[in-house]
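**Student:** Listed here are the chains, written in short residue letters.
2 protein chains.
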Amino acid sequence: MIAKQLPGGYNGKIMRVNLSDHRISVQAIDELFCRKYLGGAGFVTYFLWKELRQGTDALAPDNRLIFATGPVTGVPLPGSGRHCIGAKSPLTGGIAKSEVGEFWGAELKRAGYDAIVVEGKSEKPVYLWIHDGEASIRDAQHLWGGNTKETQEAIRAELGDNKIRVALIGSAGENLVRYACIMNGLHDSAGRGGLGAVMGSKNLKAIAVRGHKAPQIRDRERVRELKQWLLANMPQFKLLSTLREFGTGAAMEIFESVGNLPVRNFRDKLFPEVNKIDAQAIKNTIRIGMEGCFACPVRCKKVVQFQEPYPVDPAYGGPEYETLAALGSNCGIHNLKAIAKGNELCGAYSLDTMSVGGVIAFAMECFENGLLTIKDTNGIELRFGNDEAMLEIIELIARREGIGEMLAEGTARAAQIIGRGASEFAIQVKGLEAGLHEPRLKPGFGLGYMVNPHGADHCTNMNDPMYATAEQLKELEPLGILEPFPVTDIGPRKVALFKAIQSKQIILDSSVLCMFLPYSIKQVADLVAAVTGWDTGITEQLVVAERILTMARSFNIREGFTVADDTLPQRFFQPKTDGSPTAKLDPLEMESAKAYYYTLMGWDAATGIPTPEKLEELNIT
Amino acid sequence: MIAKQLPGGYNGKIMRVNLSDHRISVQAIDELFCRKYLGGAGFVTYFLWKELRQGTDALAPDNRLIFATGPVTGVPLPGSGRHCIGAKSPLTGGIAKSEVGEFWGAELKRAGYDAIVVEGKSEKPVYLWIHDGEASIRDAQHLWGGNTKETQEAIRAELGDNKIRVALIGSAGENLVRYACIMNGLHDSAGRGGLGAVMGSKNLKAIAVRGHKAPQIRDRERVRELKQWLLANMPQFKLLSTLREFGTGAAMEIFESVGNLPVRNFRDKLFPEVNKIDAQAIKNTIRIGMEGCFACPVRCKKVVQFQEPYPVDPAYGGPEYETLAALGSNCGIHNLKAIAKGNELCGAYSLDTMSVGGVIAFAMECFENGLLTIKDTNGIELRFGNDEAMLEIIELIARREGIGEMLAEGTARAAQIIGRGASEFAIQVKGLEAGLHEPRLKPGFGLGYMVNPHGADHCTNMNDPMYATAEQLKELEPLGILEPFPVTDIGPRKVALFKAIQSKQIILDSSVLCMFLPYSIKQVADLVAAVTGWDTGITEQLVVAERILTMARSFNIREGFTVADDTLPQRFFQPKTDGSPTAKLDPLEMESAKAYYYTLMGWDAATGIPTPEKLEELNIT
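As given, the protein sequences belong to chains X and G, one line each in that order.
Numbering-wise (my numbering), the first sequence opens with residue 6 and increments by one.
Numbering-wise (my numbering), the second sequence opens with residue 6 and increments by one.
Hints should not be assumed to be uniformly reliable.
One copy or any two copies: either way a pair holds, since identical chains are not told apart in the list.
[Claimed, not checked] Once the Cα atoms are required to be at most 25 Å apart in a straight line, the calculated PhoX-like pairs of lysine-lysine come out as:
| id | residue 1 | residue 2 |
| --- | --- | --- |
| 1 | Lys41 | Lys479 |
| 2 | Lys55 | Lys41 |
| 3 | Lys479 | Lys218 |
| 4 | Lys288 | Lys243 |
| 5 | Lys126 | Lys380 |
| 6 | Lys479 | Lys527 |
| 7 | Lys527 | Lys41 |
| 8 | Lys41 | Lys380 |
| 9 | Lys154 | Lys126 |
| 10 | Lys281 | Lys126 |
| 11 | Lys55 | Lys129 |
| 12 | Lys168 | Lys154 |
| 13 | Lys41 | Lys168 |
Just so you know, these hints were derived from the structure itself, not from any lab.
All figures in this text were calculated on a predicted structure; none of them were measured in a lab.
Next comes chain X alone, as it looks inside the complex (with noise of 0.2 Å):
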C-alpha cells in the first residue's frame, strides 16, 4: 500500500485544458498512480489509453494533445531537461508520443504541474499561457500563420518576459501536415508522429510556460552524488566528448564504410560524399557554436549560421545527425548548406526533418522510377540528390501546395495514392518514416522498427548494443546478462536484450531522461528512488516499463492494428544495391524474433494482443 503523501519529483498536478469551451481544471493525482506510471511517457499512454474512444479521429477535438513532465523532470542534473508530448498520431493512427529536450519540461514543472491535457478545439487560434501555478488561454489570431521564431518572439514581448519557455507550431501544423512536429523553442523539436497537426487541429498555436518553484528531491545527497560521478568521468564517456565537441552525426563516414549509412532511400550503399555532410564538416565550416538543454552541460546541439547562397538564421541552431541522414545521404544530397538550409525551414514550420527526409527520399525514388512525373512536380525534377529540389518540396509540402498536398499525407499514404507499386519504395513501418538507422546491421534495431508501438522510432531501441566488450557489457550485468554473444544474432538472447533495452529507454522517457547520458539502467532506477522517496529500483522499473508498453500496444489493437502492422518494408530483407556485398534481414528470423518478443511480453505469441492474464496483472483495465 502506497502512502498518500506526494513523492519527490512531483507537483501532484495535471492541468486539464478543454479548447472547446476553453475551460481549464486541475486534476489531482496520488503517489500510487505516479509510482505505477511514473510520467512522461508513462503519462501520455495511460491519458490516451483511458480515455480516448476508439476510433477517434487523429484530427478531431477529442484526441488528446498530452504534454508530460516526469519525476527526474528539472531536476538540477545532467539529461533532466525532457519532457514527452503524445496524442494519437494523425500519421499513424496509433500512439504518438515523442521526446524533447531544451528547457521548456523544467519550467512547467517549476510552474507547479506534472502535466497537461489538452482536448477539444478552439473556434479561433489561441495560446496557452502558464505561470506559476496560474493559467490562461490567450488569443493567437494575430499569431497564426507565423513562424516559429517570429511566434516565439512575440509570445514573448506581449507577456514581458524573455525568459518564458514556449512549445508551438508554424504553418505545417497549422496546415495539418500528418507529420508536423512541435518545436520546444526554436531548434528542439517533439518530431514524430504528427504531433504538430494535433496541436494545430485544436487550433492550439504555443504554450508558453514560467515557472518559479524548484522541484522537490528526497534525497539530494544521491543526486548530487550522481550529478559529480557524472561530471568527473565525463572525459572517460567517448559518446559524451563527441557530443560536446561535435554533436551527433561526427562518424557518418564510418557508418558509410559498414553500410549503417541510409542512401537514397536506404537502397543503397556507396555515399562517398559523407564526409562533406558529417558534423565535423559542419565544425569545418558552417558552425558559430554549441547550444545546450536545461543543466546540461555536454551542449550537444549545433548553432550554424550562413548568407550565401541563402541565409541561415542561427536561431534554429543546425542539424542533427537524422537530419543530415534524412535530407542529405538518404536524398542522395551532399551539399551541406542545403541541409541546413533544410533544417531552418523544418524549425521554421515545426516539420519533424525525419519523415520529411523520408517522404522526400521516397519521391525521389517514384519519380525516378516513373511513378512521379514532371507533371506530378510541378516541373521539379526529383530526383536524388537534388538539393535545390528538396528545399522547394519542403515549402510546398508546409503549405500543403501542389505536389505537397501528397506529400504532406505522409509516405505510407502517398504511396497508396500513387499505387502501381509505389508502397516497395515507402520506407515506414505503421505508416511512420524509419529512423535513419541501418536495421541490416543491427536486426535488433529491425525488431525494434517491428515492434514499435509507434512506429519504425530509431529511439525506443537507440541503444542497440553491439555488447562486444567487457565495459559494454558491464551495464548489463545487474540485468543478468552476463556473456556476449554476437550483435547480429536475433535469437532468443537478444529478444531478451531487446526488452530489457526498449525497457530502459521507456523508462528513460517516462522519468523523463535523455538517452545520450550515460547512466546505467541502475543508476537510472537508482534516480528515481533518490528523487521521489520510493524504495524502488531495476526490477520495479522493468515492470512499469512492461505496463507502459502493454498499455500502449492495448491502444493500438483497440485503434485495429493487428500483427499484420509489425513489419518491415521489404527493402530490409535484400541487401544493398552499390559497394560490396552488405547484410540484410532473414524474414523467418525476423517473425521468431516478433513471436518471441510477444511471449516475452506476456502477449499472445501468434496475435501479439496482451493476454487477459496479462492485463489483470499489470492491472492494465
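Assemble chain G onto chain X, guided by the hints.
**Tutor:** Frame of chain X; chain G shown alone:
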C-alpha cells in the same frame, strides 16, 4: 564478460568423490559459473542436469549426491549456517533438494570447498573426512547400523576432535527407506526427498568436516550493516521473537481455529487437543533449552528431555512445527511425549518426520477404511490417535520390517500396492508427502505444491503472504507489487506474486540463507552483492532463479514428468469434514493458475515444458 578472479564468498573448488574407485579430485569453478548458478540449490540443480543420464535409478551408483554451500554460507551473519543437499529422488524420481542448518555447511566452507559431488558406490561402508583442504575416505564398517548419535560420537572420537561437524545417516538411510533424510548433527535434517537413502545406497555413512579458513567477504562493512540492522530491529520482528521464545509451532491453536492445521490426514478440521502439543505446551512441560545454528542469535531449536514413560535423549533436540503436525494432529495424536519420542527416533534413524507422519496418517486412514487390516499390520491397531502404534510403525519403517517394508516405499507407492482406491488417501504430489500447511486456505501454497519440482514441499512457498497490511506489502514494492489483493485470490496477480516468492526462496536456497530471517528480497540481493563483490541486484537474482527453476523443470521433464504430475490430491478440492464449513480449492482456478505460472516462467502453457527459446535465452544446454 565476467572477470576471471574469484568473487568473495567462494573457495572456487568443488570436491569430486567417486566412491566406486575411491578417487577424490578437485574441480575448479570460475566466477561466471558462480554467478550463473549462485550455489546451494543452483549448484545441485546444475550438476544433476548436466551429469545425470536420463533414467538413472536414484539408488544406483550413477546418481549424484551433492552437498552445496552458497556465497553466504559461513558468512558471520544470522541465517548463514545453511547449505543444500540434492540428488535424484528415490521417492519422486525427480529432482530432490533440501536445505539444512546447524554448522556443517559453514564448516565445509572453512575447510576450503564450496560443494561436494559424490558419485559411485563404495564396496564397503565408508565415511568421508575433510579438513582444511585435505580429504580422505575412511572405513565405516564398524559404524554401519549405528544410530546417528553413536556414529557422530565415534567419528569425533576416532578423529580426536570434538568440534568436527558430521552429516550422516542412521539405519533408515542404510535400509534405503525412500524418505530417509540426511542429518546434520543430531537435530537438523536435510529432510525431504529421500537423500538419506541415496547416501545409504552409496555405502556412505557420514561426511565429517573441519576447517579454519574464514570465507572472503568483499564488502565487510555492508555485511556488518545488515547484521546490525537485524540485531537492532530484532524485537520488532514478531516472528523472530516467537521463534526465539518457542521455536516453530507456537501458533497451532490459531492454525486449528482457522482451519489451517492438518488433522487426521488433512481430512478434518477440529482438533480440540491442539494446545497439548504445540510449542507453548512444550515450553511448559518437556523443554530443557534452546539451540541454534552458526552465527544465529535466534536459537529457534527446541531441546526436550524426559524419562517416563520412555526416555527421550536431549541430543536429538525436540519436534518442530512440521513434526508436531505430522506425527501429532495429522495422525490424530495429542500425546506430546509420543511425538517427542517419534522425533527422537526419526533423528536417530535419519527419517524425514514429515513423510513419516504423512505415511502413517495415510496408513491410519486406510486402516480405518478397511484397506489395511490388523493382519497387514501384524496386530497393530493402526487408528488415528494411537500414539503407540505411531512409534511402533516408525521402528518398522526404519528396519523395513512387516508393514514397514511397504510403508518405507512412501505413500504413493504404498497406495499403488494397496490399490482399491487407497490413492484417495495419499496426500502427496509427485510422490512427496505434503508439507503440513493447508492449501485450501492459501491457494498460493496449493500452486506451490503443484508445480514445485520437488513435489509438495512447503519450503519453496513458505512465505505465501496474507499481504493485507502496508507493512507486509513494503517488501514487495521493489518488485512493482504496490496494491493489496485478497489472500484467497489465485488470479494472475497472485500467480505473478507466487513466482516472485518462489524465486526469492530459490535464491535463499542457493545463497544459502534461512527463510526465517526477515531479510527482504532486496536485502538478500544486496547481501550477495556485498559478499561477492558483484554489481548485482534483484533483477539479476530473479534471472538466476528462473534459470535454476527452469533447469530443475527440465531435469524432471527428462525423467518423464508431464503436466499431469503437477496435480493436487483430490482432497484439497473438497471442504474438510467436520467443524464449520471450510474453504476448498477450485480445480479450474488452480489449472488456470498453473497455466499462467508456466507462461510466466517461459514454459509452454499447455505442457509445462520450457520452450526452446527460453532454454536458449537462459543458456540452459
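**Student:** Hint by hint, say whether it matches the structure.
**Tutor:** Outcome of the hint check:
no.	hint	in the structure
1	Lys41 / Lys479	between (28 Å within a copy, 15 Å between copies)
2	Lys55 / Lys41	within (14 Å within a copy, 41 Å between copies)
3	Lys479 / Lys218	neither (38 Å within a copy, 31 Å between copies)
4	Lys288 / Lys243	within (18 Å within a copy, 67 Å between copies)
5	Lys126 / Lys380	neither (37 Å within a copy, 91 Å between copies)
6	Lys479 / Lys527	both (11 Å within a copy, 20 Å between copies)
7	Lys527 / Lys41	both (18 Å within a copy, 19 Å between copies)
8	Lys41 / Lys380	neither (55 Å within a copy, 66 Å between copies)
9	Lys154 / Lys126	within (24 Å within a copy, 87 Å between copies)
10	Lys281 / Lys126	neither (45 Å within a copy, 76 Å between copies)
11	Lys55 / Lys129	neither (28 Å within a copy, 73 Å between copies)
12	Lys168 / Lys154	within (14 Å within a copy, 84 Å between copies)
13	Lys41 / Lys168	neither (34 Å within a copy, 54 Å between copies)
Comparing the model with each numbered hint stated earlier shows that hints 3, 5, 8, 10, 11 and 13 do not hold.
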